[in-house]
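2 protein chains.
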Amino acid sequence: MARIVQKFGGTSVGDIDRIKNVARRVKATFDAGNQVAVVVSAMSGVTNQLVDYCRQVAPNYDFREYDAVVSTGEQVTTGLLALALQELGVPSRSWMGWQVPIRSDSAHSKARIEGIDTASLITEMAAGFVPVVAGFQGVGPGNRITTLGRGGSDTSAVALAAALHADRCDIYTDVDGVYTADPRIVARPRKLDKITYEEMLEMASLGAKVLQTRSVEMAMKHRVLVQVLSSFTDSPGTLVCDEEEIVERQIVSGITYSRDEAKITLIKVSDRPGVAAAIFGPLADANINVDMIVQNISEDGSKTDLTFTVAKTDLEQAIAVISGKKDDIGYVRLVPDPNVVKVSVIGVGMRSHAGIAQTMFTTLAERSINIKVISTSEIKVSVLIAEEYTELALRALHSAYGLDAA
Amino acid sequence: MARIVQKFGGTSVGDIDRIKNVARRVKATFDAGNQVAVVVSAMSGVTNQLVDYCRQVAPNYDFREYDAVVSTGEQVTTGLLALALQELGVPSRSWMGWQVPIRSDSAHSKARIEGIDTASLITEMAAGFVPVVAGFQGVGPGNRITTLGRGGSDTSAVALAAALHADRCDIYTDVDGVYTADPRIVARPRKLDKITYEEMLEMASLGAKVLQTRSVEMAMKHRVLVQVLSSFTDSPGTLVCDEEEIVERQIVSGITYSRDEAKITLIKVSDRPGVAAAIFGPLADANINVDMIVQNISEDGSKTDLTFTVAKTDLEQAIAVISGKKDDIGYVRLVPDPNVVKVSVIGVGMRSHAGIAQTMFTTLAERSINIKVISTSEIKVSVLIAEEYTELALRALHSAYGLDAA
Chain A
1 MARIVQKFGG TSVGDIDRIK NVARRVKATF DAGNQVAVVV SAMSGVTNQL
51 VDYCRQVAPN YDFREYDAVV STGEQVTTGL LALALQELGV PSRSWMGWQV
101 PIRSDSAHSK ARIEGIDTAS LITEMAAGFV PVVAGFQGVG PGNRITTLGR
151 GGSDTSAVAL AAALHADRCD IYTDVDGVYT ADPRIVARPR KLDKITYEEM
201 LEMASLGAKV LQTRSVEMAM KHRVLVQVLS SFTDSPGTLV CDEEEIVERQ
251 IVSGITYSRD EAKITLIKVS DRPGVAAAIF GPLADANINV DMIVQNISED
301 GSKTDLTFTV AKTDLEQAIA VISGKKDDIG YVRLVPDPNV VKVSVIGVGM
351 RSHAGIAQTM FTTLAERSIN IKVISTSEIK VSVLIAEEYT ELALRALHSA
401 YGLDAA
Chain B
1001 MARIVQKFGG TSVGDIDRIK NVARRVKATF DAGNQVAVVV SAMSGVTNQL
1051 VDYCRQVAPN YDFREYDAVV STGEQVTTGL LALALQELGV PSRSWMGWQV
1101 PIRSDSAHSK ARIEGIDTAS LITEMAAGFV PVVAGFQGVG PGNRITTLGR
1151 GGSDTSAVAL AAALHADRCD IYTDVDGVYT ADPRIVARPR KLDKITYEEM
1201 LEMASLGAKV LQTRSVEMAM KHRVLVQVLS SFTDSPGTLV CDEEEIVERQ
1251 IVSGITYSRD EAKITLIKVS DRPGVAAAIF GPLADANINV DMIVQNISED
1301 GSKTDLTFTV AKTDLEQAIA VISGKKDDIG YVRLVPDPNV VKVSVIGVGM
1351 RSHAGIAQTM FTTLAERSIN IKVISTSEIK VSVLIAEEYT ELALRALHSA
1401 YGLDAA
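Chains A and B, in that order, give the protein sequences.
Be aware that the first sequence starts at 1, since it is given in the numbering used here, and climbs by one per residue.
Be aware that the second sequence starts at 1001, since it is given in the numbering used here, and climbs by one per residue.
Bound-form chain A, shown alone (with noise of 0.2 Å):
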């Protein structure tokens, strides 16, 4: 007998049909002789519905009420799935997070969970019940609801199986797996069977959005095993573990790509100490996370080059603060480019394995794609490219790493 989490997201749960699918497959792992508790996301839709009403009523809403309001979604898929396995004759209730309780901070919208007081979860689940949690709240100071950002049932999930001591986490979804790269875009991925922690971190952190980076880093911290899934067909999915459980390792596990980055470059900074503080300090003060830094070498050592990425969304603003401060910083001229994609390839076996970036770099060299920025870290390298070359780029690397399926 296992105590598994098993975690269903919005498509899973998407209309009343699906939701007396996802009963059937709770009772088939609750008749295996398993503990089972469910965390469940809102219907498809119905949370973009509420924010959308939240907007409307108050553009620059009050994230306490945005709270109550949102997760209203996750209640409401709760109980109708605590009713479906009741239907199927399997004991079950519903739990919300301030029933549980899931303990949080006060940050409004982007809660975290603070802990978890599993004692009536535990005894239920002994006394042959399976309890369904709502997935992406909890209780904050002052007993108000609290949500935990976009997919943050992903995080409910798996920190309820850090809490129970799970042997397992199975997060249920609209894909099969892991895959080495976007079926999209890749002809040929090859789904993963396991994949490390620390890959899966990179990978989500990335670009690829099969999981929320934050349950990842919670997973990793506490060592829970977790499944990666889909709730409509019976194929085994992904697991993600940790590196010793990996038996034949790949040097490369995945490529991953993302949209979402914009590059600004600052022509002839003056080449001084404190200028790299000039510019960051502001863009930290305005909340704009800067990723990729690359300074250029200076011609004369008194003028440099300067390019760095931020979020596609962060763009204008980050014109703004940048200007706002030429004076300080002493540029000649910035320039902006919003059609860029960052292009990662990630796989542990680089801890071990030289050579991995030069067969990046000549890959895309042979296709004639320019890299404008490259970034690197102990399992993963990123360049930043044109984004018409996306497509291009994936393909060609996904081919040139052996990871095309047979």
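There could be a bad hint or two in this list.
[To be verified] Listed next, with one range per pair, are the computed distances between beta-carbon atoms: (1) A:Asn-339 <-> B:Asp-1015: 37 to 43 Å; (2) B:Gln-1049 <-> A:Asn-339: 40 to 46 Å; (3) A:Asp-15 <-> B:Glu-1248: 54 to 60 Å; (4) B:Pro-1336 <-> A:Gly-33: 49 to 55 Å; (5) A:Arg-223 <-> B:Gln-1049: 41 to 47 Å; (6) A:Ala-107 <-> B:Gln-1049: 28 to 34 Å; (7) A:His-222 <-> B:Pro-1141: 32 to 38 Å; (8) B:Ala-1127 <-> A:Asn-287: 26 to 32 Å.
Think of the hints as simulated: they come from the structure by calculation, not from any bench.
Since the model is a prediction, treat every value here as computed from it, not as a measurement.
Positions of the beta carbon are idealized from the N, C-alpha and C atoms, including for glycine.
Based on the hints, put chain B in the right spot on chain A.
Showing chain B alone in chain A's frame:
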């Protein structure tokens, strides 16, 4: 300065524009220097949709999960109205039933309020906030969400007004007050400036849908001054109050009708002790309420005809129950009749004026309308007639009692 509870029903908060309109009304009362607490229903149509979801998932749903699901409708409007008030510069926050808390018993889907802890709300109002409280919901034993039954938001509002010792409870609805008769049937109904609790209770019980019966009972018990008015106009509405507060009393205040009745006649019942218990005991056991009962005079002292009414929705079941007990009861034939309507004349003036019933009987007789059953109380006379005469009877009675507006 007064303390006022304002309640807005489903049509009053039916869409975003209407919610903004409600916020303007609340602001006006608040700006006039009053302490205001608001109670809201779900947006019209939402509760029906949620009930429908439950039915689709589980035709015989667990009322605890039903309550978790349907209570979300009020949660959404509560948050949205708090946002709309903030947007107008009125400090406000939402309160769910469990947050106040509004404590109820465990009779899920038709729970009764047992107590309201008003300390937080009173502190908040004193600090210049307008609390927006979710109607229709409470929290029962074990921290489970409960709902109070359809129309329960009226009860929430009156209970809150009683607990807060409010000076008045304003119930905003889609009609602008209580009328002497249904304006869809009677051409010149008159809006009542004031009506007694007793009359309003009879009106609500006997078919007028303007207020939920239980909310009137509660207002009467706690002597809460209730005003019924429209959120779409600025006319003053109808005050529900003590008899002493009404200077110019009408003899008859209103005429109602209910098509929810069905009649059953048992032909040639043995006229012996215990026969009534043999009939009505099994009906009570089956949770079927019997309203009017009339026993005809037995010709030879051994057999009699017995007529009674039940809710139209209970008719089939009542027939089955009685038929199953035919031998115990001893009757020759059961004659059901669903095509009846109960017409009632209501007024506290009946206590001191004779001839009210006589006027009713004469008026109906002049139109050749046959009375099938009669029942009376201190302040009302009800008759059962064939449904096809509904409009004719109402119009004739409305004129006969001098209720037509000038």
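query = Can you name, in rising order, the numbers of the hints this structure does not satisfy?
reply = No hint contradicted; all consistent.
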